[in-house]
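**Q** These are the residues of each chain, in order.
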Amino acid sequence: MKKYIANFMKYKYLMTELVKKDIKLKYRRSKLGILWTLVEPLLTMIVLTVVFSSIREKSDPTFPVYILTGRLLYSFFSSGTKAASKSIRSNSGMMRKVYIPKYMYPLAAVVSNFITFLISLIVLVGVSLYLRIDVTVHVLEAIYPLVILFLMTLGVGMLLATLEVFFRDLEYLWGVVLMLVMYCCAIFYPASMLSGNKQIILDINPLYALIKNFRNAVLYGVAPDFGALLYAGIFAAVSIIVGVVVFYKKQDEFILNV
Amino acid sequence: MAKKTALKVEHVGMRFNLNAEKVDNLKEYFIKFVKRQLNYQEFWALKDVSFEVKKGEHLGIIGLNGAGKSTLLKVIAGVLKPTEGTVKTNGKIVPLLELGAGFDKQYTGAENIYLYGALLGYSKEFIDEKYDEIVEFSELGEFINVPIKNYSSGMRARLGFSIATVVQPEILILDEVLSVGDAQFKKKSEKKIHSMFANGVTVLFVSHSLEQVKRLCDKAILLEHGRVIAKGDVEDVAAIYTAKLDKKKRERKRANRRIRAELKKQAEDAKQRNKE
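Protein chains in written order, with this note's numbering: chain H, 1 to 258; chain X, 1 to 276.
What the hints contain is simulated information worked out from the structure, not anything from laboratory work.
Every residue gets a Cβ at the ideal spot worked out from N, C-alpha and C, and that includes glycine.
Do not take every clue at face value.
[To be verified] Cut-off 25 Å, straight-line C-alpha distance, at most; resulting in silico cross-link-like pairs (BS3-like, lysine-lysine):
no.	chain 1	residue 1	chain 2	residue 2
1	X	K92	H	K3
2	H	K86	X	K105
3	X	K130	H	K12
4	H	K3	X	K88
5	X	K124	H	K3
6	X	K149	H	K24
7	H	K12	X	K92
[Said to hold, decoys possible] Chain X residues, not near chain H, derived (Cβ > 12 Å throughout):
no.	residue
8	K192
9	H194
10	S209
11	K219
12	R273
Just chain H, with the same shape it has in the complex (with noise of 0.2 Å):
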């Protein structure tokens, strides 16, 4: 373990830099540049209120912060995930030229998403102000969803960066799959709207226990649901080990297949 720490501090530094690279490059040439970590999560916000806001029976006037909390959590997971998969086969040309441990390509790709993703919780902010949200304590708590979901993307990047470089199928597979998770995900609809036996489709979604918790927290104010965080908690766990074990067995066939 200790050997492992060792290397990392070794690679520090690299780390920082293809982090730094990402976020960098993502923006670059528009306009607004980095500020377009604000402005789309804020516009897409206001379509998704204008839009479903019509079915609901009943006005609410914190609909736009339940739409954004949901919205920016599922987008975090969404676009990391996304990232790390890609991250082996887009760093080939790197790769074959100078030896540099393998997992700093998807960790470097997760962590440059959750920078943007923390950015962007500004707009949060902003609207919670605006809609006069009460801030309660319970604010604080947001920190336990949001660790857990950096681990659970990790995990299931690594696992699908592994998988995607043998199989390139994957990254339209899990498009789908990341939609198909979308909808499971209350984030536009309420939660309440699901009756009965439906409720499961969202117990069962350990990235809806991540959100649910992260409501609780900033826009209801009131404490955490712990059953759906040790849902949540366990489940990004088992991804980390599988995602790690399976990268690890499979990253020196890696070379040989991009």
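Fit chain X to the known structure of chain H by using the hints.
**A** Just chain X now, kept in the frame of chain H:
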């Protein structure tokens, strides 16, 4: 005289699976898996390669195309993991292989100095300190703030060379890169490499040019079909290589002569037939 070992390669073998057709989608894989048609053809690019390089020695690696020279360098650089055997290195390796391969095209020259430097394992402080030296050596001037995608290949190679050679490595891997940029820069880069030689660096040099190898190296190994067939003093190994080349040339000449005779015969036959 017991000099320290800089590099030890022991029984290294590198196997590639050549599948007749590439299976990279799930459907095909599944069908093939069920039909048990997933057989590969094995190909050993390197087999049982062992040698040792002492500190400060210059080793030339020679062989025909496809003998496994580049694969061997990649294994030593740590990019490829050998199927069997071990490689032990002692000290910092700087591979001057395909310069600037880690560059990002959208990044400017200046940003790439930091990225590529980080890839080669430099620290930020070190790059900060050496930044001016790198820019000056690369002679890029104002272009350092232009995205790399607008560079000529010579400019790119110059920048890559300047970044890679800013450290004093213990082991230097050269793959016929002594020809970087224009004549003037070439001279400069050769001078830089020679100054590294003077500092007692261990060198691994790959080239087709026997002349260059003889000039730069004192030891050599000869690879053929992934095996070491000769090693030792550079003159001896070069002599074996020359003999092999000559033999091959003679064989080719003989074959050419045979083909020419055959063609001539056919032409005459055709003429005969036309007459009839």
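**Q** All hints, please: hold or fail.
**A** Hints, verified against the model:
A threshold of 25 Å between alpha carbons decides the hint, and for X/K92 with H/K3 the separation of about 18 Å falls inside it, so the pair holds. Proposed proximity of H/K86 and X/K105 is supported: the alpha carbons are some 18 Å apart, at most 25 Å. Taking the CA atoms of X/K130 and H/K12, the gap is about 19 Å. The hint holds against a cut of 25 Å. Taken as a hint, the H/K3 and X/K88 pair is honoured in the structure, with Cα atoms around 18 Å apart against an allowance of 25 Å.
Proximity of X/K124 to H/K3 is assessed by CA-CA distance (about 22 Å); at most 25 Å being required, the pair is judged to hold. Distance hint between X/K149 and H/K24 is fulfilled; the C-alpha atoms sit about 16 Å from each other, no more than 25 Å. For the suggested pair H/K12 and X/K92, the alpha carbons sit about 18 Å apart, so the restraint of at most 25 Å is met. Look at X/K192: its CB is around 20 Å from the nearest CB on chain H, clear of 12 Å, so calling it non-interface holds up.
Interface exclusion of X/H194 from chain H stands, the closest Cβ pair being 24 Å apart, more than 12 Å. Interface exclusion of X/S209 from chain H stands, the closest Cβ pair being 23 Å apart, more than 12 Å. In this structure X/K219 is separated from chain H by more than 12 Å, as the shortest Cβ-Cβ distance comes to about 25 Å. Even its closest Cβ contact with chain H, about 54 Å, leaves X/R273 beyond 12 Å, as expected for a residue assigned away from the interface.
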